[in-house]
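Using the hints, position chain B against chain A.
Same order as they appear, the protein sequences are chains A and B. With the first sequence counted from 1, adding 419 to any position gets you this note's numbering. With the second sequence counted from 1, adding 40 to any position gets you this note's numbering.
These aren't lab readings, by the way, just hints derived from the structure by calculation. Being a predicted model, the structure only gives us computed values, none of them experimental. The beta carbon of each residue, even a glycine, is placed where N, CA and C say it ideally should be. Among the clues, some could well be false.
[Said to hold, decoys possible] Chain A stretches covered by chain B per the calculated footprint, using a threshold of three residues with CB under 8 Å from any CB of chain B:
{"hint": "1", "stretch": "574–582"}
{"hint": "2", "stretch": "673–687"}
{"hint": "3", "stretch": "776–790"}
[To be verified] Just a few of them, taken from the derived set where beta-carbon distance is under 8 Å, the chain B residues facing chain A:
{"hint": "4", "residue": "129"}
{"hint": "5", "residue": "132"}
{"hint": "6", "residue": "139"}
{"hint": "7", "residue": "142"}
{"hint": "8", "residue": "156"}
{"hint": "9", "residue": "159"}
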Amino acid sequence: MRTRLRGHAATVLVAALSAAFGVVLLGIVEVLTIAANANPVVGDLGSAGIMLAILAYVFMAIAIYVAAIVTTNTVATIVAGRIREIALVRLLGASARGERLRIAREGLSAGVLGAVIGTAAAWLLLAMLVLVGEGTGLLPAGPTYAFVTGQMAIPVVAVVLTTWLAAWVGSRRVLSVTPVQALGAAVPTASEALRRGRRGAAWAIEAVGVVLLLLGAALGQLTPLGVLIGIVGGICSFTGIMIGAPLLIPPVLALVGRLFGRDPAAVLGTRNTLRHPERSARAAIGLVIGVALVTMFVVAGMTANEIVMQRMAAEWGTTAPLDSTLGTMMSILAFLVGFSGVIAAVGLVNTLTVGVLQRTREFGLVRALGLSRGQLRRTISVEAVQLAVTAVVVGFVLGIVYGWLGAESMFGSSQVNGLVAPVVPWVLVLGVVVVAGVLALAGSLIPARRAMRLVPVEALAVE
Amino acid sequence: MQTKPSDLGLVARVTDLTKTYGSGPAAVTALDGVSLGVRRGEFTAIMGPSGSGKSTLMHIMAGLDSPTTGRVWIGDEEITGMGDAALTLIRRRRVGFVFQAFNLVPTLDVEANVTFPFELDGRRPNTTERAWIDSLIDSLGLRPRLRHRPAELSGGQQQRVAIARALGARPALVFADEPTGNLDSRTSREVLALLATAAAEYGQGIVMVTHDPVAASHADRIVVVNDGRIVADEGRLTAAAASELVLGLEAAR
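Next up, chain A with everything else stripped away, as it sits in the complex:
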């Protein structure tokens, strides 16, 4: 069968990263358990061990979820670039369903390959961690740290299955390719307008989500159980935002685009992100989720801390020095969730690269008309930074709102002075903006170099 991995490098990488992350987390839990058992004072980790395992699974699930979103979008981008080719085989008699199955199969192969690479890398990393731990005395000498467990099959299988599923979902556009598109001379420029049904669904789910979120926060003023309704509301509202992303992201993109001024290179870059709202939304949504999750955990934690502190101050007139422990915990949590951000960044860079390949002819034209190599590089960088900043801004706003509502739903009943304002860690905000900007710039170097190597004459001749 014609199964290829062309264009699936990003999918393999994303699968490898998420599989490695899951395996490493489980490995660390296993190593800690062995270390504790070897220590006669600590002994069995007991409920702390169970907590650790639960945390490992939660973060693993978040990473795999983000990876699935990224892969769905990567595959959709690949399909958009292969329309002519798909149309040709349809013209020659292939069925749409068969073509879609073929792309899903490519996804499965990419998932398997990625999971294998990721697992191998994770074992290597764990072995090194154990060596370093034993060398520095952080891990007690004596027991053999056999960190490989049967549980590690769970993230591996999950990654393979979600990659397969994501490729299937991401390839739905194959069904709408008509054979006659193989004959058209025009480059496919169809603006993938948001279908009305989808728009309606996004609004409806979002409305239900918001109502439940507010209900949860209101109920939270009476009982911590409000958080249960809040979680359902959060999932609904987030799903609504993901479906409606092509509506939500472009206005923010346009706003952020203005920051780059009227320089022609900047204008070409910023306009391009608005030309394909769906593609831009696809590129950004992974990062939005990553940033939103990090912010949500941190804001929820810090706001909850503020509520508890106020209560303690009111009841006992003192504040216990909870801050530093909580700060460390928040940092670890942020780091663990932040890994999903890395996976999302891979998706962003991939979308940019594919976008550059698909615009070879346009770049040939503007180079022929007198756009310099430097200006072309700036065009591509501006596009990348604009997407990244937009994703970060949207992610922050969502994260702050969800985090605050979450804290109010769970700890609202402990409040002494009415509602507490969300506590926003501005250092983190600044850090994420800078990291995302630098990451986007660095990521844009790959496509920019490719574009700068273009010879105008050859680029103009490309179909």
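Relative to chain A, chain B alone:
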């Protein structure tokens, strides 16, 4: 003192041009000792069968490609051996382009496409230039379409926008690569008449690559390229005569 191209009334000139692709036994010679000058206000058509080297010749004359040996001038400036940055500026400021298709930047509206060469230079057209662009827009009938995107225009309208862009900065030289290749015959005639007017009234040198004898019959001069050499250099010809000229080549093979 050396004779400058402008002393001969030339806006573009190439001498002893050769272009070879590849090396060794697999080498392909696209151009083989071509010399050509284009005069101010002259509308020149370069004709020739597919693979004759006519497009390579245009690309080298326009600074889009470099020759293997030989020399190239645009105006009085020799561009042979210029680096990419310098060539980019030459293309931006001294040359206008009209291609067969995919002429316009898809993200920019009609007006932004027309003023794109100015934007690249980081400036707005001055009052005189603005007046010139406005008159072009009016005479090309583009006024009602200024806010439209290329995808919303017909093929003929897109070509007219490309012509407005190519003439807007008043470059001494305009290159047109099969500008009527995708157009119906009526729109083709309009586009060709525009190019002829640009040469006759505004003194621009126009080089059009085409294999269509009807298109070539609008030009003041017809140069025929075959197997990388110039095999004919005639004045104005009828479409039938231009066709004969090219068909004669085929027969002589």
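- Task: Output the numbers, in ascending order, of every earlier hint that fails for this structure.
- Result: 1
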